[in-house]
Each structure stands twice: as structure tokens, then as C-alpha cells.
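Participant: Please build the complex by placing chain S on the supplied structure of chain Y, with the hints as guidance.
Each chain, letter by letter, is given below.
There are 2 protein chains.
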Amino acid sequence: MTGPRFTPLAASLPATVPFVGPEAQERARGQAFRARLGANENGFGPSPHAIAAMAAAAGEAWKYGDPENHDLRAALAAHHGCAAENIVVGEGIDGLLGYLVRLMVGPGDAVVTSAGAYPTFSFHVEGFGGVLHRVPYAGDHENPEALIAKAREVAPKLIYIANPDNPMGSHHPAETIAAMIEAVPEGSLLVLDEAYIEMAPEGTAPLIAPSDPRVIRMRTFSKAHGMAGARVGYAIGAPDLIRAFDKVRNHFGMSRISQAGALAALQDRTWAAYMQRLIGAARDKIGAIARENGLTPLSSATNFVAVDCGGDGDFARAVLEALTDEGVFVRMPGVAPLNRCIRISCAPEPELEILAEALPRALARARAASSR
Amino acid sequence: MTGPRFTPLAASLPATVPFVGPEAQERARGQAFRARLGANENGFGPSPHAIAAMAAAAGEAWKYGDPENHDLRAALAAHHGCAAENIVVGEGIDGLLGYLVRLMVGPGDAVVTSAGAYPTFSFHVEGFGGVLHRVPYAGDHENPEALIAKAREVAPKLIYIANPDNPMGSHHPAETIAAMIEAVPEGSLLVLDEAYIEMAPEGTAPLIAPSDPRVIRMRTFSKAHGMAGARVGYAIGAPDLIRAFDKVRNHFGMSRISQAGALAALQDRTWAAYMQRLIGAARDKIGAIARENGLTPLSSATNFVAVDCGGDGDFARAVLEALTDEGVFVRMPGVAPLNRCIRISCAPEPELEILAEALPRALARARAASSR
Numbered sequence: 001m002t003g004p005r006f007t008p009l010a011a012s013l014p015a016t017v018p019f020v021g022p023e024a025q026e027r028a029r030g031q032a033f034r035a036r037l038g039a040n041e042n043g044f045g046p047s048p049h050a051i052a053a054m055a056a057a058a059g060e061a062w063k064y065g066d067p068e069n070h071d072l073r074a075a076l077a078a079h080h081g082c083a084a085e086n087i088v089v090g091e092g093i094d095g096l097l098g099y100l101v102r103l104m105v106g107p108g109d110a111v112v113t114s115a116g117a118y119p120t121f122s123f124h125v126e127g128f129g130g131v132l133h134r135v136p137y138a139g140d141h142e143n144p145e146a147l148i149a150k151a152r153e154v155a156p157k158l159i160y161i162a163n164p165d166n167p168m169g170s171h172h173p174a175e176t177i178a179a180m181i182e183a184v185p186e187g188s189l190l191v192l193d194e195a196y197i198e199m200a201p202e203g204t205a206p207l208i209a210p211s212d213p214r215v216i217r218m219r220t221f222s223k224a225h226g227m228a229g230a231r232v233g234y235a236i237g238a239p240d241l242i243r244a245f246d247k248v249r250n251h252f253g254m255s256r257i258s259q260a261g262a263l264a265a266l267q268d269r270t271w272a273a274y275m276q277r278l279i280g281a282a283r284d285k286i287g288a289i290a291r292e293n294g295l296t297p298l299s300s301a302t303n304f305v306a307v308d309c310g311g312d313g314d315f316a317r318a319v320l321e322a323l324t325d326e327g328v329f330v331r332m333p334g335v336a337p338l339n340r341c342i343r344i345s346c347a348p349e350p351e352l353e354i355l356a357e358a359l360p361r362a363l364a365r366a367r368a369a370s371s372r
Numbered sequence: 001m002t003g004p005r006f007t008p009l010a011a012s013l014p015a016t017v018p019f020v021g022p023e024a025q026e027r028a029r030g031q032a033f034r035a036r037l038g039a040n041e042n043g044f045g046p047s048p049h050a051i052a053a054m055a056a057a058a059g060e061a062w063k064y065g066d067p068e069n070h071d072l073r074a075a076l077a078a079h080h081g082c083a084a085e086n087i088v089v090g091e092g093i094d095g096l097l098g099y100l101v102r103l104m105v106g107p108g109d110a111v112v113t114s115a116g117a118y119p120t121f122s123f124h125v126e127g128f129g130g131v132l133h134r135v136p137y138a139g140d141h142e143n144p145e146a147l148i149a150k151a152r153e154v155a156p157k158l159i160y161i162a163n164p165d166n167p168m169g170s171h172h173p174a175e176t177i178a179a180m181i182e183a184v185p186e187g188s189l190l191v192l193d194e195a196y197i198e199m200a201p202e203g204t205a206p207l208i209a210p211s212d213p214r215v216i217r218m219r220t221f222s223k224a225h226g227m228a229g230a231r232v233g234y235a236i237g238a239p240d241l242i243r244a245f246d247k248v249r250n251h252f253g254m255s256r257i258s259q260a261g262a263l264a265a266l267q268d269r270t271w272a273a274y275m276q277r278l279i280g281a282a283r284d285k286i287g288a289i290a291r292e293n294g295l296t297p298l299s300s301a302t303n304f305v306a307v308d309c310g311g312d313g314d315f316a317r318a319v320l321e322a323l324t325d326e327g328v329f330v331r332m333p334g335v336a337p338l339n340r341c342i343r344i345s346c347a348p349e350p351e352l353e354i355l356a357e358a359l360p361r362a363l364a365r366a367r368a369a370s371s372r
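Protein sequence lines, in the order shown, are assigned to chains Y and S.
Heads up: the first sequence begins at 1 in this note's numbering, then just goes up one per residue.
Heads up: the second sequence begins at 1 in this note's numbering, then just goes up one per residue.
Excised from the complex, chain Y in its bound form (with noise of 0.2 Å):
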């Protein structure tokens, strides 16, 4: 007997992960993590609605999800002042993205991001044989006019920017993402991962017409709206680009419960703008435990800060797993200089407090192992 008949795509890639979670890291461990900040996980956790609605939603979980999303998509257009047609939701950014690349990549066909960027956008990418041109960052920040460089060279199917950026939290005023979308070539989409922009500055979210075709928006109420687990993204573009996903999306894929919740969690306003707030006290704070242990935070535009340890990419990774050892669950930046930092999620002060009371051991021991 010989083995499943792989497609030769499917042959060829590695049975990759592009992370591991904090449960296999516990349970390697034998022991839980005292403080979850790796993940970009919002720990403040969803709207007292949103939880309400999805327990109440539980009862109900018999039924199938409605496959059109029509509710969610209907507020959300309310929202952002578009149609309904402007709007695919799916299971997070991370589901769309796949999608997206399925319709738009195969193989041989050029992606353009940047070297560091959003791993699972990478994945999806090499998923279905496409050919990954990477940039580098300009200092701590993607760089769109490299970006559009290299898409001028190459004629990609898509070029993939975060704003605000993962993992370094950093963001581009909107005009710059404006000049970045008139510069689009022709024949390629621009992917506009907004996954954090709720907590970026006033003024970081473009103004762009829903139906332009040169860009689709990614947005998800894994971050500000505290919702990872429950799996809900969305995206906004242009009608005939939204209406392919009908061609290939798991039609009954969402969660019945997390409709629910999602749109809880939209229509309570007065929960997004405390969130502000929480997060920005949290930014705060973790800015000052990194200063207090000579470390340098990082400006962020999201619910996490990216601290610079100092050194190298293996310092940082000393002082990251002296932390696990600590029991706090950190995560760093894959790519060289970017990984001089790690990566701390926003979390309620109790956590905070954990991190700051375990982060001098932690640094003590990275120092000391690293001048041996």
C-alpha cells in the first residue's frame, strides 16, 4: 500500500505551524501560564453584551449560522457607511486571507510583504504555490514605497501591509496608506491588514471608497472587541472582488454563537470607547515596567508593545524564555533586526503585575547567561 496520493503542491509543503500555542507551551511545561501576553490576545476580554449574547446563543447552537451573514453584514455596512455588498465575513482575518489567496494566487504567481510580516499571510501564500517577494522593514516600520518598488518589478497578485503593523505595533498616518493605494500597479490587490486599527491614533484609518479596486480592508473582532477565540473577520472591497469569496468560503463556516457575539459586540459603543482607554492604560503601563527595567518600549498603535531588550535576536530570545520559565507567555518577532524585541500583549493589571515582578529575574538571567 502506498501513501495518500498528495497533489504535488500539497506534497511539497512542510506540515508546518506558523505558531505554536500557549496550551502546547503549558502542557510541555506540565504547568499553566500565570500571565497570557503572547498572542495579542485582548485579556480585558469581549463586551459584557457580546458575552451575554453568545451565552445565550449557546442554547441555540443547534442551528446552523445564516450562511449570508445578513445581520452582521448589515450593521457592519451601517458602520463603515458601505453596503452589505461591500462585505465578506469569514472565520477572522486569518480565514479571509486564505481565501483571498485561493482565489487570487497560484502557482508560480508573485506575492509581495514584507520580511517579518504576518506569518499566516505567508503561509496561505506558500499554501497555494505562490512565489513570496519580502521587503525589508525601514527601521521598526513597513515600508510602503519598498513595498511598491518591488511590486513594480514583480507585478504581484497581492502586496500585504499591516497598518497598524504586527509584530512591531508601529503605524503609518493615513495619507501614507493613501499615496500607497494610488500607487498600486495595475493588475495587483492591495491587502490592507487593519486588524488593530480601533486602538491606533485617531487619523491612521485612510479614507477609502469601499468599491475601490485596488485595495481590500481585513478587519476582526479578535483584538479590540476581544473576541480571538470566537473567529470573526471581515472584509471590505469592491462588490465583484467580495462576491468571489462566495466561490470558495466554507458557506456554513461561522460560528452561530460568534454572529451572536459579533454583533453584540458592534452595536455597544460605550464598551469600544472604555476599551481605548484599558488599552491605552495597559500600553502605558507595560512601557513603564520595560523603562524600569532599562528596556526601551516601542511607540504602539495596537494592544500590545513590542520592548526592545537591547541586544541581539538571541538576547531577546534568553529573556523570552526566562519568562516562560517565569510563567508568562511572550512572543517575538521572527526576523533579524526586529527580533531584538519581544512582543507583550495589553492585559489587566494583575497580569501586568506578574510581568513586572518577573521581568528583572528574567532579565537577570538572560545577562548572565549571555556574558558567560
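The set of hints was computed from the structure by calculation and includes no laboratory data.
Only a predicted model underlies this, so the values are computations on that prediction, with no experimental measurement involved.
For every residue, glycine included, the Cβ atom is placed at its ideal position computed from N, Cα and C.
Heads up, a few of these hints could be off.
Computed list of chain S residues with no C-beta within reach of chain Y, every gap over 12 Å [as the list claims (entries may be wrong)]: (1) Ala55; (2) Glu175; (3) Ala288; (4) Glu349; (5) Arg361.
Partner residues are not named here, just some residues of chain S that face chain Y (Cβ under 10 Å, in silico) [unchecked claim]: (6) Thr7; (7) Gly21; (8) Asn42; (9) Glu60; (10) Asp109; (11) Ala183; (12) Gly187; (13) Ala244; (14) Met254; (15) Gln259; (16) Gly261.
Facilitator: For chain S alone, kept in the frame of chain Y given last:
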């Protein structure tokens, strides 16, 4: 500006939807259904323990679900007497079928299924450019011998069979499926969709070595467990096949709430046993209602009953449309001669009473229309 540069395959696909949801029908009618009996949902709902687990997990929805689905896989492995390495959890059987097809089927690859069998499987195959070879049902049963004979002819990557069957509710005994597995040609993989297996007579599920490379079994929490809206399915197969899902799946795609609900549902064996009795009684009730109206209920091994309306597809369609007008949501098979039936989901007594009340009027209307 040109439109989106889709891949040639994506450009060729229709923006089809395998099923229209009942919510879309309700919006078109301007009125909610009085009885929701069309989607093979289980209106008896999830285990109370599962509801409680999901409600409790709603507050934890800020955390991504464990991408390894460790706890659920471990519990499923214990339940099935296999290793966790034999199990992959995914976003419903629909999601898992999509991943499997993507791994195995490229443009031009042959796939064998039955004419009238599960449309979402065919949607995935066509979505990846596969070529479907459909064999007819034998009466109201899928035809294992014909499927195997066609497979010997076209050397397909995949052979699909559902046991019990959807949309007819029929089933084959374990020995028939076991014999089919023995006959799977080298180089083909049997996809055994057992979505309804918990509601079939004892002895319907064949004993299969979990690592048998000739077959992958699909199971779900959508049907017997009453959790269609939570999107939890799983597959049991050889470790190298199961591991390959990691190459393409949405690793963080599972709702954390759904993971918690599925685990609780699996452990509530009392509810599972109770559910079998409830489903059995509802099947009998649907059969009685059908017979009272001069229709013929087909024997069912599932949580729905296919009811032969005694005419052709047009007549059954007229009955269905009249029921829809009465506020009773049902569906019907898409292919003759299966489409002489309408398909009615098991549900609590009050909804079946609405069916009993509405069906005579619906039949009268359909008969009046067909005699015109």
C-alpha cells in the same frame, strides 16, 4: 482599471452556494418559519452540559482556541479507542472535506461520488478543479458496488460515500462498508462520511483499524449532538494523512467556545443515549404524519425522514413550496428519482405538530396545482 486577477480556476467557478439558508428564505418571505425542519438540524439541542460549557467559555472568548485541539482530540481518541494522532478536528465536516480535497485533488483529478449525494463535497471538488464521476443510487441507497466499479475505471483520488446516507436517510450494514473498503483500488482513498452514524441501528459502523490507509472517516457534533451552529467536526485516519491537514488548515480556526462545548457534549453519555430515544420517537412521529396524509416515509437511520410524496420531482417541489408558505421549512433531494421526496428533520413535538397541521393543506394545494 481591470477587475480582480483571479486564478484561471477561480475565474471559472460559479459563485454558487450549495444550500440557501432558512434565514435567507425568512427574509424573502418577510416572516419567520414556524417550524425549522429542513437542514437536518437537531432541534432537541445540545446537551445541557454542553450549553453550560459554551456559556461559560463565552467570557473566555478573548483567548484563541488551542490550535492543536488537544483536549478534544484526547477525549475523542479515548472514545474511539485510537490515538490522538489518528484524529484531526476542524470547522465541521464541511471544513474538513475542503481541506482533504485541497490536499488530494488537483485540476483534472478524478473523484467518484453518487448523483444526488452531499453537494458540499462536490462543491469542494469542483472548487479545486477535480472531475466528478457520479454513479446513480440503487433505489434509495448509495451503491457501493457501483462506486467501486467506477473507481476501478477512473482511478480517482477520492471515493465519497455517506453512511447513513443524506438526503435519503438510508444506510448499509457495517459488512457492506467493510467489504467496500477491502475493494478500494490502490491509489484511491475512501471518504466515509458518518455524520449521522450515532442515530443508525447498532452494527452500522464498521470496525476499521484507525490507521487503515484506505479510508478516512468523518464525524460531527452537528447532528446527534445538536451543535450544527458550533462548527465542530473531526476525521479519523492514518497518521500520515491526518498530519497532512497541518499543511493547509486554519490552525487557529476553531472557536474556543465550540471546543469547550464539544468536549462537554462528548462526555455526556446520558444525554447521548436520551437523544437516541428522542430522535427515534420523532422519526416515528414524522412517519405517522406522512402516512396519515397518504405519503410514504422512507426508513431512516438519521435524524431526518425522507418522505415520498408519491409523484415526481415537480410534485414534491410543489409540496415543499406550499409547506414553505405555511411557515414550515423543509428541503428535498436535488436529483431524480430521489426528488420525489421531501426531507423532514426530527424535532420536538410542538414543531412536528405544526407540520401535522400544515401538511394536509400543503398537499391539497400541491394536488390542486398538479391537476390543473
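Participant: Tell me the numbers of any earlier hints that the structure contravenes, in ascending order.
Facilitator: 1 and 11
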